[in-house]
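The primary structure of each chain is shown beneath.
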Amino acid sequence: MHPHANSANADHTFEQFLSQHLERDLLRFTTAGSVDDGKSTLIGRLLYDSKAIYEDQLQSIQQSKLNRSTGPMDFSLLTDGLRAEREQGITIDVAYRYFTTSRRKFIIADTPGHEQYTRNMATGASTADAAVVLVDARKGVLPQSRRHATIAALLGIPHIIAAVNKMDLVDYSEEVFRRVEADLQELALQISPSGAQTIHCIPISALEGENVVTRSAKIPWYTGPSLLEYLEEIPIADSNSPEAFRFPVQYVIRPDDSFRGFAGQIIAGSVRPGDRVVALPSKQKTRVRSIVTFDGALPEAGTGSSVTLQLENELDLSRGDLLVSEEGLPNIARKFAANVVWLHATPLDLHKRWIMRQVTDEVRVQATKVRSRIDVNTMESSLASQLGLNDIGIVEFEATRNLSFDLYSQNRNSGSFILIDPLTNATVGAGMITENLEKATRRSDPKLADVGSQGEKPAEPLQTAAVAISERVHRSGHHPGAVWLGAGSSLAAPLERALFEKGFHVVIIDDSQHPGEWSEGLVRGFYSAGMIVLYSSHQALEQKKHLLTSTIQPDRILHVDALSRDADDASLLQQIVAWVEGLRIARPEEGR
Amino acid sequence: MTQYLYEEECDELPAFSVEGLPSVPRLSHLEMLEAESIHILREAAASFAAPVMLYSIGKDSSVLLRLAQKAFYPGKIPFPLLHVDTGYKFPEMIEFRDRYVKEVGAELIVHKNQQALDEGATPFALGTQKCCGLLKTRSLLDALAEGGFDAAFGGARRDEEKSRAKERIYSFRDAAGQWDPRNQRPELWNYYNGKLDKGEHIRIFPLSNWTELDVWLYIYKENIPIVPLYFAKEREVVVRGGSVLLTQGPIPLLPGEKTERRTVRMRSLGCVPCTGAIASTADTLPKIIEEMFGFHRSERENRAIDHDQEGSMEMKKREGYF
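Chains as they are written, first to last, in numbering that gives the first Met the number 0: chain A, 0 to 591; chain B, 0 to 321.
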């Protein structure tokens with residue numbers, strides 16, 4: 000029918016090239032902003048410099064009657080796709096853009112930055128692995144940057160990057176950058192007093208292309224990666240994460256009496272034939288017989304894979320049911336609390352019933368209480384009785400029957416939902432579950448609770464400590480951090496001494512001294528107290544690793560195994576101390 | 000969980016290397032795109048009463064069809080395919096369509112706006128705007144209404160054109176089939192709202208996040224059959240207004256025009272009079288992909304319909320075009 004793709008005469012080097020392309024992974028990130036802060040220029044630059052812009056598209060921009068730029072090219076005309084946007088010079092809706100480098104494929108969810116488009120920011124953020132927040136170096140942190148960072152944190156984006164733009168207009172001044180950077184660190188602590196959410200700052204000039212794709216010679220005082228290099232390096236959540244297995248049944252495949260398969264996409268953990276699973280809500284137990292795909296049966300499938308499962312027993316499952324591993328059951332409850340972004344002009348009304356879509360399940364829910372509304376500009380929460388368009392708040396809900404869910408901080412799929420107005424069919428709200436209200440033992444999620452907890456009246460059960468991490472950090476002068484040493488490492492003691500003498504609050508936790516999970520608890524405890532934890536343990540265990548990485552931001556953990564293995568103890572010690580030094584905060588009185 | 004869980008696991012699972020290399024490799028970008036598209040296809044099949052898949056015979060349709068096979072395997076594709084035939088398609092496309100659809104075992108509906116064709120609708124007489132309006136948009140809306148379809152899958156991608164970059168995966172169309180870009184349903188996470196009132200329908204784009212390169216890489220990796228017109232070959236052509244048009248099928252020569260033989264291929268497939276060929280010697284998939292890296296022009300450039308005026312794709316989409 001057509002020349003066979005894998006024919007023997009295919010060029011060998013090109014085959015290698017192709018296989019490289021096939022292996023590439025995918026990173027989704029979101030940007031937000033208006034014309035003024037150079038967002039379109041930045042995106043245009045990324046697309047252009049990565050050679051994704053085709054010549055004819057460029058020609059049509061140059062010919063456009065609406066070209067607003069004073070320079071040779073207006074990149075925003077490339078990104079603003081609708082007539083109204085081009086005419087009014089604004090970005091209205093989320094636009095998706097694509098580019099590829101030799102390392103990764105990227106999807107940009109490009110969203111408008113104005114307050115009235117909070118819902119679009121949330122939409123773009125919902126699927127993103129990273130957020131690039133634009134900050135004008137001349138203006139510093141404006142409400143718009145705050146809003147974007149807050150929404151990014153609320154939507155659980157693991158990596159927030161601040162691109163401090165227009166450095167060309169401040170003569171590439173390090174002083175200006177450091178000042179903005181300090182404000183951004185302050186913002187990070189406001190958003191997340193536990194210190195879990197960090198903001199990584201990069202000085203750039205989108206217009207001049209400095210530090211966007213390649214490192215800039217004009218910014219010699221900055222030695223970190225360019226924006227694109229950083230985006231290429233960001234770790235993406237692993238499909239083999241040791242999380243408990245979650246498989247929402249999407250569709251039942253039953254071509255004839257001999258086959259009955261449950262089709263769906265794995266949203267957490269992985270599965271092998273023989274694995275014991277529990278079907279929810281029925282709580283029937285069975286085993287997985289096989290993982291069926293068009294390309295043959297699989298020995299194992301991980302998070303993100305769309306597969307079909309055959310089970311040992313003839314269970315009567317249908318769309319909306321959830322298959323989970325026996326260990327680590329999700330929450331099963333009718334009452335829950337959630338952070339809600341309101342997407343519609345019709346306000347959230349306590350008397351109305353909504354259709355709630357949560358994974359593949361659909362159920363009627365009613366909001367029973369609006370606990371507070373969060374001002375995304377100041378991050379202050381206030382009492383409220385309803386939520387209007389673009390409002391964000393904490394809301395309690397009650398469903399007409401039990402739901403199976405995880406907290407959003409544990410799983411962005413099984414912890415999220417949308418609300419649909421049964422009368423108009425409009426998507427009116429988006430929710431992130433923070434709390435199971437039926438189980439006293441299930442605690443709310445600290446990370447999400449952080450957002451907005453700065454107000455006069457903190458949301459009821461969310462504040463767990465009287466002293467915020469930000470206060471501890473300001474007292475100690477450094478962020479908390481964890482250094483993961485090998486089991487029985489001889490480095491622990493000298494390291495503790497060296498760091499102590501440099502003024503760090505430091506402690507050693509030795510795994511061999513404590514049974515089971517105790518040491519992880521200790522690490523987290525000392526970490527939350529703002530200390531540098533030297534953790535000596537077996538690093539081989541993914542389970543263990545996950546316990547820590549789920550609560551500690553990846554860039555606050557140093558895996559000593561990742562450093563050169565040939566290095567001697569003295570140079571390893573030096574490298575570790577240098578890393579810890581990076582956790583110091585800039586004292587405003589010293590920095591200015 | 001027991002207190003000593005980790006010690007036990009340490010004995011049971013020595014397979015973890017020191018670096019903690021995962022035993023299930025992380026999904027590549029193509030695998031992620033595939034899984035996402037399959038998810039979308041299954042969502043739609045589960046939530047609509049009467050979905051249909053628009054089948055245009057092009058490379059994107061070929062990929063869409065393969066994804067549908069995968070989504071419902073070992074079952075059959077649970078919805079029919081619909082080809083809106085303008086009557087101006089390349090004969091090789093029709094031949095490929097009939098053979099391949101049969102091979103896949105799918106149900107095919109072919110719809111033509113016969114009345115317009117009988118009344119002499121041609122791009123030469125009407126211009127591309129009007130001709131497309133009658134033979135594609137009108138014809139599509141009629142076919143959807145006749146079949147009582149409430150959802151239609153299409154192979155459109157967001158990277159094709161800038162108004163498409165703003166398109167949702169579930170694109171809501173009112174009772175007249177129109178798109179309102181300022182009033183789209185927000186799409187968060189992977190939740191798609193397909194709730195409808197009578198007469199409304201949803202256009203579903205499972206390939207939204209694919210690029211042209213992804214489509215070719217996937218065709219290569221999966222060995223998916225495509226229309227031979229995509230491969231370079233010496234063909235009879237006529238050069239008209241900067242476009243190189245194939246002379247197969249319904250394309251009358253204008254006075255003074257002469258045909259010539261050139262080695263060309265099609266980068267995208269549309270109607271014979273309105274789709275230009277490109278000079279190329281790429282006669283295998285790897286060569287086509289290799290050529291893509293050297294492309295400086297977008298794939299829809301040779302489609303007259305996109306270029307009548309600024310924003311013309313957006314206008315057509317508002318009227319009901321894919």
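Heads up, a few of these hints could be off.
[Said to hold, decoys possible] The list that follows gives simulated cross-link-like pairs (lysine-lysine, BS3-like), each with its CA atoms no further than 30 angstroms apart:
#1 194/B / 351/A
#2 129/B / 257/B
#3 368/A / 194/B
#4 232/B / 194/B
[Claimed, not checked] Chain A is faced by these chain B residues, among others (derived, beta-carbon under 8 angstroms):
#5 37
#6 41
#7 250
#8 252
Treat the hints as calculated values from the structure; they're not laboratory data. These numbers were taken from a predicted model, which means no experiment stands behind them. Where a beta carbon is used, it is the ideal one built from N, C-alpha and C, also for glycine.
Evaluated hints:
{"no.": "1", "hint": "194/B / 351/A", "verdict": "18 angstroms, holds"}
{"no.": "2", "hint": "129/B / 257/B", "verdict": "27 angstroms, holds"}
{"no.": "3", "hint": "368/A / 194/B", "verdict": "27 angstroms, holds"}
{"no.": "4", "hint": "232/B / 194/B", "verdict": "47 angstroms, violated"}
{"no.": "5", "hint": "37", "verdict": "4 angstroms, holds"}
{"no.": "6", "hint": "41", "verdict": "4 angstroms, holds"}
{"no.": "7", "hint": "250", "verdict": "24 angstroms, violated"}
{"no.": "8", "hint": "252", "verdict": "27 angstroms, violated"}
Hints 4, 7, 8, counting from the list given before, are not met by this structure.
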